[in-house]
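Colleague: Taken in order, these protein sequences are the chains called A and B. Numbering follows UniProt numbering, in which position 173 of the first sequence is assigned residue number 173; successive positions increment by one, without gaps. Numbering follows UniProt numbering, in which position 408 of the second sequence is assigned residue number 408; successive positions increment by one, without gaps.
Possibly wrong hints are sitting among the right ones.
In silico DSS-like cross-links for lysine-lysine, where the CA-CA straight-line distance does not exceed 25 angstroms [claimed, not checked]:
{"#": "1", "chain 1": "B", "residue 1": "K418", "chain 2": "A", "residue 2": "K12"}
{"#": "2", "chain 1": "B", "residue 1": "K247", "chain 2": "A", "residue 2": "K12"}
{"#": "3", "chain 1": "B", "residue 1": "K418", "chain 2": "A", "residue 2": "K71"}
{"#": "4", "chain 1": "B", "residue 1": "K332", "chain 2": "A", "residue 2": "K12"}
{"#": "5", "chain 1": "B", "residue 1": "K419", "chain 2": "A", "residue 2": "K131"}
{"#": "6", "chain 1": "A", "residue 1": "K54", "chain 2": "B", "residue 2": "K142"}
{"#": "7", "chain 1": "A", "residue 1": "K10", "chain 2": "B", "residue 2": "K332"}
{"#": "8", "chain 1": "A", "residue 1": "K69", "chain 2": "B", "residue 2": "K418"}
{"#": "9", "chain 1": "A", "residue 1": "K10", "chain 2": "B", "residue 2": "K418"}
{"#": "10", "chain 1": "B", "residue 1": "K419", "chain 2": "A", "residue 2": "K54"}
{"#": "11", "chain 1": "A", "residue 1": "K54", "chain 2": "B", "residue 2": "K247"}
{"#": "12", "chain 1": "B", "residue 1": "K142", "chain 2": "A", "residue 2": "K71"}
{"#": "13", "chain 1": "A", "residue 1": "K130", "chain 2": "A", "residue 2": "K182"}
{"#": "14", "chain 1": "A", "residue 1": "K69", "chain 2": "B", "residue 2": "K332"}
{"#": "15", "chain 1": "B", "residue 1": "K332", "chain 2": "A", "residue 2": "K54"}
{"#": "16", "chain 1": "A", "residue 1": "K130", "chain 2": "B", "residue 2": "K247"}
{"#": "17", "chain 1": "A", "residue 1": "K71", "chain 2": "B", "residue 2": "K247"}
{"#": "18", "chain 1": "A", "residue 1": "K54", "chain 2": "B", "residue 2": "K418"}
{"#": "19", "chain 1": "A", "residue 1": "K130", "chain 2": "B", "residue 2": "K332"}
{"#": "20", "chain 1": "B", "residue 1": "K247", "chain 2": "A", "residue 2": "K10"}
{"#": "21", "chain 1": "B", "residue 1": "K418", "chain 2": "A", "residue 2": "K131"}
{"#": "22", "chain 1": "A", "residue 1": "K10", "chain 2": "B", "residue 2": "K159"}
{"#": "23", "chain 1": "B", "residue 1": "K97", "chain 2": "A", "residue 2": "K12"}
Covered by chain B, according to a simulated footprint, are these stretches of chain A (three or more residues, beta-carbon under 8 angstroms) [to be verified]:
{"#": "24", "segment": "50-62"}
{"#": "25", "segment": "72-78"}
{"#": "26", "segment": "84-90"}
{"#": "27", "segment": "116-130"}
I should point out that these hints are in silico values taken from the structure, not numbers from a laboratory. Every residue gets a Cβ at the ideal spot worked out from N, C-alpha and C, and that includes glycine.
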Amino acid sequence: MIDIQHISKKYKGADNFSVTNLDLSISEKEIFGLLGPNGAGKTTLISILCSLIKPTSGTFSIAGLTYQKNKNQLKQIIGIVPQEYALYPSLTAFENLKYFGSMYGLKGKNLNTKINSALEHLGLLAFAHKKIDTFSGGMKRRINLIGSVLHNPKVLFLDEPTVGVDVQSKNVIIAFLQDLNKNGTTIIYTSHHLNEAETFCTRVAIIDHGKLVVKGKPQELITQHPGANNLEDVFINITGKALRDHA
Amino acid sequence: MHKLWASTYKEFLLLTRDIGGIAILFVMPLVLIITITLIQDSTFKSVTDSQIPILVVDNDQGNVSEIILNGLSESGSFQVITESEETTARDLVFKGKYQLAIIIPENLSSSLSKKVTQNVDGIIAKFGLEEPNETQEIGKIKSKQVILYFDPATQLTFKSSVKNGIDKMISKIETQSIYKAFQEQISDDPNDVIFETDTFITFKEVLPTDEDKEMIPNSVQHNVPAWTLFAIFFIIVPLSINIVKEKSQGTFVRLRTNPVSYATVLGGKTIIYLVVCLIQFVLMLLIGIYVFPAIGLPTLDVSGRIPLLFVVATFAGLAAIGLGLLLGTIAKTQEQSAPFGATFVVILAALGGVWVPVFVMPKVMQTLSHISPMNWGLNAFYDVFLRNGSFIDILPEISLLLLFFIATTLIAIIYNEKKNAV
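Could you build all of it, start to finish, from the sequences and the hints given here?
Modeller: Now the structure itself:
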């Protein structure tokens with residue numbers, strides 16, 4: 001489904017590469033977790049795959065399509081849930097979703113039905129006509145998610161979709177994503193919640209300093225690392241305990 | 001098309017949800033146009049209609065100074081206040097208490113009379129009509145000087161207008177004195193009129209006509225187009241902020257991953273902000289037609305010109321929007337776009353001839369003014385408002401405005417593509 005070959009990225013003025021010569025293949029209908037400490041290169045990699053930034057070198061394709069040759073087709077089959085709330089605060093939830101749905105060519109009754117169904121699924125139908133700036137962080141995260149899946153994307157990229165939300169919101173979001181996956185959507189997501197990734201992902205990759213360090217099924221990785229009881233132990237084992245603050 | 005409509009509707013919602021923003025967008029241009037027109041109209045009146053207090057020191061106390069004083073009073077422009085000391089008058093003017101002091105020199109009347117009589121006698125003697133008499137033996141009479149003191153803060157236009165007026169008055173007194181001297185020399189009967197002293201050459205200003213009706217320009221006909229255009233161009237500030245906001249709140253990132261072109265996104269903004277420009281324009285016309293007469297200003301005359309005025313407003317609005325789209329695309333923060341936008345509009349207005357007419361600018365600035373879209377818009381408005389122009393007359397200007405919109409929008413799209421190329 002996603003085939004990444006020798007992708008590298010160095011930002012202008014940066015001393016080091018954010019992503020270095022990364023190779024990765026993700027199969028159809030996988031829930032793939034990109035894990036790593038702050039500044040490891042997760043968001044950079046997702047941004048490259050979503051056409052938000054240009055790689056310094058390397059190539060990739062999604063469902064056999066590339067941005068160079070099939071830009072519009074590719075954009076039509078992917079969805080991205082950005083880390084920040086990409087919503088218009090002064091518009092209602094319904095108005096935001098209607099606008100973003102329209103950008104995928106959806107319209108009329110079909111679009112309204114999809115919006116209402118997703119809002120109901122994520123427990124937000126009662127707030128459909130309230131302005132976004134009155135919503136809590138968890139509610140905004142859920143609307144942010146709906147805005148990216150109305151067109152039933154084949155591949156969904158999520159950049160820390162559960163950051164800063166309460167347990168209830170997190171559970172609803174995870175359940176919603178699992179439903180999407182059951183219906184055929186391949187999910188690639190980044191997170192710092194390793195327990196969540198352990199149960200949610202079919203496969204994970206740990207990235208550090210822009211390099212792919214390890215990949216595999218969560219349980220396999222736990223087994224491969226002696227003394228590790230969970231994915232967090234594996235993560236600490238691989239990336240160390242040192243702080244990763246950087247500017 | 002559906003995506004363009006959706007983008008337009010979204011822009012409409014964003015605009016209408018910001019009531020404070022809408023109020024500023026529509027009310028401030030109206031406040032601007034009323035304030036500026038009132039100020040400009042009163043400045044205009046200060047030279048023509050209303051009376052300005054001035055000081056006069058009459059050291060002559062003769063018939064010439066009497067004519068000057070009467071002339072100043074009868075002009076209706078000045079309230080003449082007599083002062084006895086030149087130094088006091090000068091100090092009062094230089095301190096800004098009065099704008100002008102006129103010092104009439106001692107013996108002006110008698111010296112002028114002697115000088116004129118001397119000249120006339122000389123001429124008559126040359127013709128052999130009379131024997132040279134004593135007056136010719138007086139010798140050269142020293143010329144006299146009327147001294148003017150102006151408040152240093154007085155504007156140059158006012159100074160030159162006053163100087164021209166006084167110069168004209170003195171010339172008239174001299175001419176009439178010459179006529180009088182000739183009359184006295186040729187005829188002994190003071191009632192015998194030999195010379196007509198009325199002005200022989202007069203001038204008449206011929207104004208453009210519309211259906212045989214003379215179009216008399218007034219301060220409103222001049223000010224409304226200029227300041228309307230200024231207000232229309234200010235749309236670049238909220239428009240560029242709108243685009244920068246999209247970037248900062250993350251919606252632009254989402255749109256970049258959506259299958260929608262940047263041109264479509266900008267198209268939605270163009271449609272809504274053009275409507276805003278046209279509403280602003282209508283409100284400003286309504287102010288000119290209904291509010292100005294109520295506050296003592298001349299009425300804005302738009303009879304028979306409304307369709308052409310809308311054509312100019314539409315193209316001027318498009319040019320302003322193009323600039324706003326480009327600025328919003330390039331700027332990274334509101335701190336960059338808002339001050340730059342506001343300052344740039346003022347520069348364009350100055351270059352375009354909104355503050356000072358283009359023909360009085362230095363050559364370099366005149367050349368630069370030709371590349372200001374505000375100059376094109378202003379000329380098109382003047383063509384319609386003041387020169388009774390037709391669509392053909394405004395075609396060059398509106399074509400330039402359209403080209404400017406196309407060019408700026410294309411640059412914005414190309415810049416965005418280059419910056420976000422994958």
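Colleague: Just pull the numbers of the violated hints for me, sorted ascending.
Modeller: The structure conflicts with hints 5, 6, 12, 13, 14, 19, 21, 22, 23 and 27, although it agrees with all the remaining ones.
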